[in-house]
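*Asks:* Read off the chains here:
Protein chains: 2
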Amino acid sequence: MVHPVSLLLEVSSHQLEVAETLIEVGRFLVIFVVARAIAELLVRLQLPTILGELIAGVLIGASGLHLIVPPQAQAQLGAGAAGLLASLADLTPETVRAIYDETFPSLQAVSQLGLFALLFLTGLESELDELVAVGAQATTVAVAGVVLPFAAGTAGLIAIFHVPLIPAVFAGAAMTATSIGITASVFGELRWLKRREGQIVIGAAVLDDILGIVILAVVVAVVGGGAFSVGPLVKLCLAAVAFVAVALVLSRKAAPAFDWVVDQLKAPGDVTVASFVVLTLCCFAAQAIGLEAALGAFAAGLILSASKHSHAIDTAVKPLVALFATVFFVLIGTGMDLSVLNPFDPANREGLLVAGFLLAVAIAGKVAAGWSYLSKEPTNRLVVGLGMMPRGEVGLIFLGLGTQAGILTPALEAAILLMVIGTTFLAPVLLRLVIPAEEPEAAQSPA
Amino acid sequence: MVHPVSLLLEVSSHQLEVAETLIEVGRFLVIFVVARAIAELLVRLQLPTILGELIAGVLIGASGLHLIVPPQAQAQLGAGAAGLLASLADLTPETVRAIYDETFPSLQAVSQLGLFALLFLTGLESELDELVAVGAQATTVAVAGVVLPFAAGTAGLIAIFHVPLIPAVFAGAAMTATSIGITASVFGELRWLKRREGQIVIGAAVLDDILGIVILAVVVAVVGGGAFSVGPLVKLCLAAVAFVAVALVLSRKAAPAFDWVVDQLKAPGDVTVASFVVLTLCCFAAQAIGLEAALGAFAAGLILSASKHSHAIDTAVKPLVALFATVFFVLIGTGMDLSVLNPFDPANREGLLVAGFLLAVAIAGKVAAGWSYLSKEPTNRLVVGLGMMPRGEVGLIFLGLGTQAGILTPALEAAILLMVIGTTFLAPVLLRLVIPAEEPEAAQSPA
Numbered sequence: 001m002v003h004p005v006s007l008l009l010e011v012s013s014h015q016l017e018v019a020e021t022l023i024e025v026g027r028f029l030v031i032f033v034v035a036r037a038i039a040e041l042l043v044r045l046q047l048p049t050i051l052g053e054l055i056a057g058v059l060i061g062a063s064g065l066h067l068i069v070p071p072q073a074q075a076q077l078g079a080g081a082a083g084l085l086a087s088l089a090d091l092t093p094e095t096v097r098a099i100y101d102e103t104f105p106s107l108q109a110v111s112q113l114g115l116f117a118l119l120f121l122t123g124l125e126s127e128l129d130e131l132v133a134v135g136a137q138a139t140t141v142a143v144a145g146v147v148l149p150f151a152a153g154t155a156g157l158i159a160i161f162h163v164p165l166i167p168a169v170f171a172g173a174a175m176t177a178t179s180i181g182i183t184a185s186v187f188g189e190l191r192w193l194k195r196r197e198g199q200i201v202i203g204a205a206v207l208d209d210i211l212g213i214v215i216l217a218v219v220v221a222v223v224g225g226g227a228f229s230v231g232p233l234v235k236l237c238l239a240a241v242a243f244v245a246v247a248l249v250l251s252r253k254a255a256p257a258f259d260w261v262v263d264q265l266k267a268p269g270d271v272t273v274a275s276f277v278v279l280t281l282c283c284f285a286a287q288a289i290g291l292e293a294a295l296g297a298f299a300a301g302l303i304l305s306a307s308k309h310s311h312a313i314d315t316a317v318k319p320l321v322a323l324f325a326t327v328f329f330v331l332i333g334t335g336m337d338l339s340v341l342n343p344f345d346p347a348n349r350e351g352l353l354v355a356g357f358l359l360a361v362a363i364a365g366k367v368a369a370g371w372s373y374l375s376k377e378p379t380n381r382l383v384v385g386l387g388m389m390p391r392g393e394v395g396l397i398f399l400g401l402g403t404q405a406g407i408l409t410p411a412l413e414a415a416i417l418l419m420v421i422g423t424t425f426l427a428p429v430l431l432r433l434v435i436p437a438e439e440p441e442a443a444q445s446p447a
Numbered sequence: 001m002v003h004p005v006s007l008l009l010e011v012s013s014h015q016l017e018v019a020e021t022l023i024e025v026g027r028f029l030v031i032f033v034v035a036r037a038i039a040e041l042l043v044r045l046q047l048p049t050i051l052g053e054l055i056a057g058v059l060i061g062a063s064g065l066h067l068i069v070p071p072q073a074q075a076q077l078g079a080g081a082a083g084l085l086a087s088l089a090d091l092t093p094e095t096v097r098a099i100y101d102e103t104f105p106s107l108q109a110v111s112q113l114g115l116f117a118l119l120f121l122t123g124l125e126s127e128l129d130e131l132v133a134v135g136a137q138a139t140t141v142a143v144a145g146v147v148l149p150f151a152a153g154t155a156g157l158i159a160i161f162h163v164p165l166i167p168a169v170f171a172g173a174a175m176t177a178t179s180i181g182i183t184a185s186v187f188g189e190l191r192w193l194k195r196r197e198g199q200i201v202i203g204a205a206v207l208d209d210i211l212g213i214v215i216l217a218v219v220v221a222v223v224g225g226g227a228f229s230v231g232p233l234v235k236l237c238l239a240a241v242a243f244v245a246v247a248l249v250l251s252r253k254a255a256p257a258f259d260w261v262v263d264q265l266k267a268p269g270d271v272t273v274a275s276f277v278v279l280t281l282c283c284f285a286a287q288a289i290g291l292e293a294a295l296g297a298f299a300a301g302l303i304l305s306a307s308k309h310s311h312a313i314d315t316a317v318k319p320l321v322a323l324f325a326t327v328f329f330v331l332i333g334t335g336m337d338l339s340v341l342n343p344f345d346p347a348n349r350e351g352l353l354v355a356g357f358l359l360a361v362a363i364a365g366k367v368a369a370g371w372s373y374l375s376k377e378p379t380n381r382l383v384v385g386l387g388m389m390p391r392g393e394v395g396l397i398f399l400g401l402g403t404q405a406g407i408l409t410p411a412l413e414a415a416i417l418l419m420v421i422g423t424t425f426l427a428p429v430l431l432r433l434v435i436p437a438e439e440p441e442a443a444q445s446p447a
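Protein chains in written order, with this note's numbering: chain A, 1 to 447; chain B, 1 to 447.
Heads up, some of the hints might be wrong.
It does not matter which identical chain is used: a pair holds within one copy or between any two.
[Stated by the list, open to error] Okay, derived cross-link-like pairs now, PhoX-like style, lysine-lysine, Cα gap no bigger than 25 Å in a straight line:
1. 235 to 318
2. 318 to 266
3. 253 to 266
4. 266 to 308
5. 308 to 318
6. 253 to 308
To be clear, the hints were calculated from the coordinates, so they are not data collected in a lab. Predicted model only: the values in this text are computed from it and were never measured.
Please model the complete structure; the sequences and the hints are all you need to start from.
*Replies:* This is the structure in structure tokens:
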């Protein structure tokens, strides 16, 4: 391999290989050990493990120990780690830092694979039949839970805090998400999953994912152009709606064709490879018509959810999610600059107010959605509202893509992160206060 | 993200993201569709699927359609593919080619993950107890099957073809491997796996893997220094032997500790993440003491082979291997320059002779190993010798690492590839001629 950095730095290609391997392997090691340690702590506190991955990222990242530092975070690999790697590879710490930055895109590629695998799994586990059973009520809750935080958040950021239109719209969009995984695990643990409230929330969360990812795809694509204009916006909305409609139809019709193809395959790894081909095909198609590839990954999962091999696909995808989605969430934490939220610096007061505002709107908007539906039977509307609250992994995906697209200020990034952490943390805690537990079990989350 | 190429080429970061995603997703799509199509064909001919992945790589690579072209192959993305991507991302084909080359390391990082996963799985599935049962005979066959091709190959390349010492030693080392997976699948299919011949071959193949990977680790590390010298060589040999000895001891002693840790873990994905931590730890340790990280991956598998969770680990690793090891094998094929073997060009005559010589030594050396052991019972020594013959994935791992280290000429690379393909192709064919099939089944291979 010809490495541009080897020409610049005048080190032998063998030393470079050694340093690259040490850096790439060592990064995984740090990410997994720290994320797992904190996740284990949170599980014992009956909190979602995804919070642990975020906190691990913040701890080891640009705001913490400087062990994992994305090049865009304007921070450098910590002196201790750089020194250790330098002595092992027989290079100077400066050279190690240059190789570190140069190899960072490989880690980002792995984290992107994790994002696609997670969205694919979310689509795969979406039970569209559940949505149909509680159809009208779930639809009302989902739409209210998308419209209320989006409208109030965007309008408030523009009117009160004078945030420009594009980042305000993006932050509003990031508040529309609902994490199926976290909600389902808390309801399951409290044995409310099969009650009407649980069914409405899960149905609404599925629909919310679809709405949220469509909004995301449109917002990122429009924002990518640098400014809002009506023509492309309408075109993209139509493309997004058409894409999801085709995916929903295919989830009913295409699964038998997929199953037939898989049955013809005889070489090992057939289900895994065939699913991955569907995944890449959908990602490519989504990106080719101007939408986010992430929407394609979700659609691929929806399409395959009706396959008779869906259990085998699930088994094959879960290890990928356990490994690579963790990298995705930890990387989000590493890039955060939490110093912008230091309350002792008067310059940060505005940022803290924005964070508080987003958190309040994020809670109020979803809780209010609990009162949006009509029901003949009495249901606990507070439980429905609180169940819609955790943004979890979906909110983080929004944040991660917004950061990648470079449209958020550090203060707004940190505020969105606090909103995601706050809602994800508070939802299980508040639900446990509102619902008396019949028989406590260990909490579970999908990542 | 700040992309160096975006500054150079003056394209917007959104266009760049779109082009990157299209390229990265599209590359996976091409790799998997073509590799799977050819693997399915070969399975129906009862040939190992790994040949299909190699052939797919050659077909779509620098010697073929130019759809997947490693930057070091001095070839460019084909005009058709570049044009399609350029029109989808609204860029020029030249810009697409620049982004293509810039993002190639991400694909290589994924292929490296596949290599580690495959070696981990090989270690995990090594049944050390089988080795002990046929101990003496398997050891003799393994040592003879390593020493004969290595000595004859290296000496012949230097004496007859005047190849310099370092590439000659490397080519000799590449001939020592035996593919457990291919051998086991052919013997299993012919129902000879539980006979004495099958037991000796599998035992010898396990030991051969250990010897081969140790040789590889030492050769690559010594060659990395640019020249042979006795001091580092002795040090590395000792380090390699010590490393494997520690791994073997740990495979007996450390599994209960690992199982205890896994039993304490409560967050989801516990087995997957814990195994990955052991894998990265071993890779880091191997690389840190100057050996190949690949040896660490294999040792990690050996260590965990005695875990009570080994079945769950196996289930978690197999999808990773099915996806990413395929990328590794296809990439090897894409980088090959087969034009150096065109028999109509007189300049290639020497290269063809080298290829023929390597293939002959590779076959003769392993077949002769079948006559190296003492046995009171009558055994079919030709079956044992032919069973040791397929180099398969292990030979390719050698070739891949030699290419990465840049120590082989294109002609020698192509000759080693032909040697690997030839032995992998001939072994099942010749074994079927020598052993009468009792009840034919579909062939299986691990990748």
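*Asks:* If a hint holds in the structure, say so; if it does not, say that too.
*Replies:* Now the hints, each set against the structure:
1. Proximity of residue 235 and residue 318 under a CA criterion of 25 Å is satisfied in neither setting, with 35 Å inside one chain copy and 42 Å between copies.
2. Taking CA atoms no more than 25 Å apart as the test, residue 318 paired with residue 266 passes in both settings, with 23 Å inside one copy and 16 Å between copies.
3. When the C-alpha separation of residue 253 and residue 266 is checked against a cutoff of 25 Å, the pair qualifies only within one copy, where the shortest distance is 24 Å, while the shortest distance between copies is 39 Å.
4. For the identical chains of this complex, residue 266 and residue 308 are intra-copy neighbours only, at 17 Å inside a copy versus 30 Å across copies, given an alpha-carbon limit of 25 Å.
5. Taking identical chains as interchangeable, the C-alpha atoms of residue 308 and residue 318 lie at most 25 Å apart whether they share a chain (17 Å) or sit on different chains (20 Å).
6. Taking CA atoms no more than 25 Å apart as the test, residue 253 paired with residue 308 passes inside one copy only; the shortest distance there is 13 Å, against 42 Å between copies.
The earlier numbered hint that this structure contradicts is number 1, and it is the only one.
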